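Peer 1: The primary structure of each chain is shown beneath.
Number of protein chains: 2
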Amino acid sequence: MRTVRTLGLLGTGVIGGGWAARALHFGIDVIAMDTDPAMEAWIRGAVENAEPALARLISAPLPPKGRLSFTTSLREVAEGADFIQENIPERLDLKQRVLAELSRHAAPDVIVASSTSGLMPTELQRDMQAPERFCVAHPFNPVYLLPLVELVAGGRTAPATIEAAARFFGHIGMHPLHVRREVPGHLTDRLQEAIWREILHLVNDGVATTGELDDSIVYGPGLRWAAMGTNMIYHLAGGEAGMRHMLAQFGPALKWPWTKLEAPELSEALIDRMVEGTRQQAGGRSIRELERLRDDYLVAVQQALRQFNIGAGATLGALEERLYRAAAGGAEQAGTQGGSVLPRYEARARAEWADYNHHMTDFRYGQVFGDAMDAFYRTVGVDDAYRRTGRMYYDVESHVRHLAEVKVGEALYVTTQLLAVDDKRLHVFQRMHRASDGKEVATGEFMHLHVARDAAKAVSVDPQIRARLEAVLRAHAALPAPAGAGRRIGTRSQG
Amino acid sequence: MRTVRTLGLLGTGVIGGGWAARALHFGIDVIAMDTDPAMEAWIRGAVENAEPALARLISAPLPPKGRLSFTTSLREVAEGADFIQENIPERLDLKQRVLAELSRHAAPDVIVASSTSGLMPTELQRDMQAPERFCVAHPFNPVYLLPLVELVAGGRTAPATIEAAARFFGHIGMHPLHVRREVPGHLTDRLQEAIWREILHLVNDGVATTGELDDSIVYGPGLRWAAMGTNMIYHLAGGEAGMRHMLAQFGPALKWPWTKLEAPELSEALIDRMVEGTRQQAGGRSIRELERLRDDYLVAVQQALRQFNIGAGATLGALEERLYRAAAGGAEQAGTQGGSVLPRYEARARAEWADYNHHMTDFRYGQVFGDAMDAFYRTVGVDDAYRRTGRMYYDVESHVRHLAEVKVGEALYVTTQLLAVDDKRLHVFQRMHRASDGKEVATGEFMHLHVARDAAKAVSVDPQIRARLEAVLRAHAALPAPAGAGRRIGTRSQG
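Chains as they are written, first to last, in our numbering: chain A, 6 to 500; chain B, 6 to 500.
Excised from the complex, chain A in its bound form (with noise of 0.2 Å):
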């Protein structure tokens, strides 16, 4: 087949938009065809839409974008193109009739494939010239950020053809599942179509609203389903025997009205082959140790989320506030601040922190030291309500100092200490050392500047705020100055 330098597009709706994104951004050009000359504008705010996400989604470097063009007629994109992705409405004689004119314009060596969500690649395929290089290539919205793209041929496709596409779609950053067995809806609707007829049940017999049904999953499976699916979480929730335990413990209950859906009979054949499927998903990897891994991307998915103030992020950014407000509360009560112990902040190096070397990458210290910044800045009053009148402090100066390693899952404590305040400058020099024996890991030294948000420069402090801080520096005073404090940077022929 040949190499894909033009894809073109016959319909131009969601799906089409978002596929015209993604392949333009992996440097190929776009051919797209649409009846209605009105969907270019439609397609090209479509395709700029999509490009801040998938600029951010990859950070590697890209070749030229490719360059998009439009066109009414079906045949200029039969003879302009390398490869063709179908992406018209969802009936079965439309895409039929479509499919076989293109197959006259199109030379024999060029893959045809279709988005259907469901239609069965035989029948789709059944009026083509040359229909062994056609296949159906099923994508998810949104097209241009979910890697998945189901590829299923048909009685008359060839083997090379469900090969080079999935070449094609691999080289446009995307998971090719190859679909061995056409059935309707193919895999991932067959699914998702179970669920979506449940959830209409369910509102229809009044026992939740969407919302309800949403919350459902968003808080609890959807977040294990970012990484693995209900196969590989049923094996971990079987303790060490697995899917086997699994399916003897829960078996029962697929003989109970716990979905609309029945069942297939629990038969010997069925638990082996769910058995060796999961042990061959496992890939030698124990329980305990896919028990970790699962444990880390919760983690990491819960914080990516908190991010946004979405669903499980959600809880997890109300719930720390919480504590902060606590934690600023009893700090008070009991008089700790202002005293002559350093503030001390506490902290552990996350499992996605982790370089190469499984050490916590360089500017992660940058974040804790900010982190134990924040915390100090809360026992003085700049927090939240403070920055709402629209002042905070800014970093305008770091320099850090990296002594030693830090392992992931090591527990850190950070101390600050105050060098210097003024009206708008903050000088403060910080200290992160390992919990277990102390020993200092980095030093960090910042300049913080006072700024408004509307008036765009440094202005004064709250005088309440200085004050306290005031009280601090004086507090602090009385320590040893920092021994790393004031340096430069420069190897021993600079001086």
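The set of hints was computed from the structure by calculation and includes no laboratory data. Take the hints with a grain of salt, since some may be wrong.
Because identical chains share one entry, a pair is satisfied inside a single copy or across any pair of copies.
[Unchecked claim] In silico BS3-like links for lysine-lysine, alpha-carbon gap of 27 Å or less: (1) 412 to 444; (2) 70 to 444; (3) 412 to 265; (4) 429 to 444; (5) 429 to 260; (6) 412 to 462; (7) 412 to 429; (8) 462 to 429.
Just so it is clear, the structure is predicted and the values come from calculations on it, not from any experiment.
Chain A is already provided as a structure; the job is to place chain B on it using the hints.
Peer 2: Chain B in isolation, oriented as in the chain A frame:
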């Protein structure tokens, strides 16, 4: 109801252990009961295993940890706990008997909740004393990391019991979902079970393996389900007309054999309920706004998964490796390395890097500088293959100056200038610019040390790589020395 200081647990399997770890972490004492004394060691091990993940999930200050005690006496739990959670095997008669006995010993203001996956609360509370303090509280594995808990009242449950239980579960970091009508399997397990039974059919019919079926979720819909349920996702897929358009478009598919589960009749009343439910979920946000939110979290989740090389994160990692190799090959061919132009690296400020003020957080500057340095290192041969030989460069000292704010989404580029290279050290100066107008937004000065992992000390760099670095250094020597290099941090008063 009582303030919960001590949680009682009946049954100490995977679920009981998860409850213990979560409660202890939030400062609640736990009395765990099991008829098998050997389970004491098991539950202590389970709590210990959960601890690292919990510690990483929550960075806010927590109250002192609770204490765990173990007993084989039902009565001891009944008399010593303020809230009792039952997690014994999923058999109705067994649960009924144990709950009845428990209720004779526990004061009537002690809430008793069952972790049952799908049994009905009205049946479970049948023989209890003070049945009004009973409810179902169904959690999800791992209980210490997933926030979802389904609360279901039975026919004799008091509304105050559900309210008090929701408060307690909120206190230990969970998201209580009130299931308003009891049905077998509650809500979540009905949806999970629908997928599960469809999976069993597909494996039974020889259509796909467990691994293929898991892949059909984790590379596609599973990523979306991490923060939006099927209803909200379908609302977005419907374009500007949302759920109503979606039902018009895919309604006919409900009659197709896309799953073995038959759908209900898509009546006008059902359509109205689905549309009204998703309208409420959208909460006034446009489809465009929701799409941006979806795209933001899909990017962040895939990047979180990348750290663990799992699912879509593995796809992304392999893709970036390929792109870096291609770019390195291209640069070599074009002979641009070692020229007089500074190596240039392009990036974009990601949405998940925002601070309170929608600007790029301080420590992320360090990340971008580090990524630029990584890209530079690859061009001289310090890549994954080199690191696999156990040698690598480490950042030992860094000095970052923040000169201007960077807004989320802004395109950036970083230039890298070598200042000095010797056998073991590399002194480098980087400048970060806003791409739109070239404005310098930050500078970074770094000292890197070449180390061997096994020796855990500085060692000489590979001679071939050093030669390449020297060539770059010679080319850079012709450029003006950076103005910001060699500075110290200090306020005026310190000179």
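Peer 1: Between residue 412 and residue 462, at a C-alpha cutoff of 27 Å, which is it: within one copy, between copies, both, or neither?
Peer 2: between (40 Å within a copy, 16 Å between copies)
Peer 1: Checking residue 429 and residue 444: alpha-carbon separation at most 27 Å within a copy, between copies, both or neither?
Peer 2: Answer is between; shortest inter-copy Cα gap is 25 Å, intra-copy 33 Å.
Peer 1: Can you tell me if residue 462 and residue 429 fall within 27 Å by alpha carbon in one copy, between copies, both or neither?
Peer 2: within (10 Å within a copy, 42 Å between copies)
Peer 1: Is it within, between, both or neither when you check residue 412 against residue 444 at 27 Å Cα-Cα?
Peer 2: For residue 412 and residue 444, the Cα distance is within 27 Å only inside one copy (13 Å; across copies 37 Å).
Peer 1: From the Cα coordinates, with 27 Å as the cut-off, is the pair residue 429 and residue 260 best called within, between, both, or neither?
Peer 2: Neither, since 70 Å and 68 Å both go past 27 Å.
Peer 1: At 27 Å max between alpha carbons, let me know whether residue 412 reaches residue 265 within a copy, between copies, both or neither.
Peer 2: neither (50 Å within a copy, 50 Å between copies)
Peer 1: When no copy is named, should residue 70 and residue 444 be tagged within, between, both, or neither for a Cα gap of at most 27 Å?
Peer 2: For residue 70 and residue 444, the Cα distance is within 27 Å only across copies (25 Å; inside one copy 50 Å).
Peer 1: Is the C-alpha distance from residue 412 to residue 429 at most 27 Å within one copy, between copies, in both cases, or in neither?
Peer 2: between (37 Å within a copy, 23 Å between copies)
In terms of the numbered hints stated before, the structure departs from hints 3 and 5, listed from lowest to highest.
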